[in-house]
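Enquirer: Chain by chain, the residues:
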Amino acid sequence: MKSQAERYNTVVIAAHANGRLLPETFDLAAFALKLNDGCPRSIRILILGEAIDGPAVEIAEKTGIDVKGIVIAGLRNYSSEAYRQILARELEAKEVAYICAPHNSQGTDYAPALAASLNSACISGITGLLKNGEDLIFQKDVFGGKIKANMAVPVGQAVLIVQPGSFRLDSGRKVAPGRVTWSTARHTPKRLHVLGIRQSEADFADITAARVVVAAGNGIGEQENMALINELATLFSKSAVAGTRIVCDRGWLPLNRQVGVTGVSVSPALYIACGVSGATQHVMGMRGAGFVVAINTDSHAAIFNEADICIVEDIRIFIPLLLEAWQQRHNKNAVHQAPGNEESGG
Amino acid sequence: LSNLLRANKQEIESIVLKNDDNERQRFPEVMVSMVMPQKVRAGRHIEGTAMEKAKKLVSILDAKALFKTPAGINNEEPG
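Protein chains in written order, with my numbering: chain A, 1 to 346; chain B, 1001 to 1079.
Excised from the complex, chain A in its bound form (with noise of 0.2 Å):
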């Protein structure tokens, strides 16, 4: 018989790494508190590894949420066979309508194997929550972000994989921290020996501190097309040149030039997305920009909701142009400043 304390409706998988959470926990805890209505007594975050006793503690005094901790001897890295097969034993038994796991590189790891483990439905990319009396409605992006579907879990349990930045914690609510309780767990790992994590040694000074990003996404077609882009940056002063994910990874640009949510977050000025789809993972990482100008060839493309202003052509020709129309506009108000013309008028 299971004891009242050990029922939960929401359990909530921490992310963590170096010793410090990821940030994506208090989305999780702030998506478990909106599942629930609020209310941090039903649910209960669980957090794996060796030194987890201070995450462990911060995530409670922060959230207001019970928290376990199962420290793991010899877990000092993430690891996706030790979340799978220590998760689905802790949760197996346990009658958990909802289990949130981060879109982070670790969740969409580990949780939809744990939820073929526990033979539960599984929702990656969750982005939106909405409530219909007593229906939630989980929303996703689909086809690049320029549809939405509406998913629902009609019985049964749900693993949910919910993406970083969509729900936010308030930061100024005041809770009664959480209980902290500890468990012990062991793992002897079989297929798969993590040897250890190194961090990068990316530095986003330069976009993070730029007034103008000009960012660059699949739609530039080639690698040559990045000239354009640079070009383009020139015409603004503090300015820096970015990428979305693929960009990135093709080598096109440098890692440490990726906006998105496994890149890094920038509020400039002036945000100009060039060739950008607008998928959830690089929009997360610029909604804080003041200004924004997207330039795609598709008319639908996602960005566009993102934009001040929709310019719908090929950067490829429209670059170009722009170069060209800026540098008239110089010329124009250069002759007008020029000496000897200042009843010129225009």
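Heads up, some of the hints might be wrong.
[Said to hold, decoys possible] DSS-like cross-link-like pairs, simulated, lysine-lysine; straight-line CA separation at most 30 Å: (1) B:Lys1039 <-> A:Lys146; (2) A:Lys146 <-> B:Lys1068; (3) A:Lys238 <-> B:Lys1068; (4) B:Lys1068 <-> A:Lys332; (5) B:Lys1039 <-> A:Lys238; (6) B:Lys1056 <-> A:Lys34.
[Claimed, not checked] From the structure, some residues in chain A lie toward chain B, with a derived Cβ separation under 7 Å: (7) Ile126; (8) Ile311; (9) Leu321.
The hints are simulated quantities; they were obtained by calculation from the structure and are not laboratory data. Using N, Cα and C, we set each Cβ at its ideal position, and we do this for glycine too.
Place chain B on chain A using the hints.
Expert: Same frame as chain A, now just chain B:
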């Protein structure tokens, strides 16, 4: 080509998927509907030829003082 010829001679094994409740419960998530995403920003479309659009965009960005000045000094007001 030899592999293709060999493959053509292989027997095809058919798998019949059961359509009972147990099978359906293995995939219990359902798509209820699809909707267009909401616009986060105003999203003003610039119309005209490519050159007209380019000129309009230059004008908009110039009005917002976002371009470099001829001397390369930022247009932005200090502070």
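Enquirer: Run the structure past the numbered hints and jot down the numbers of the failing ones, going up.
Expert: 2, 6 and 7
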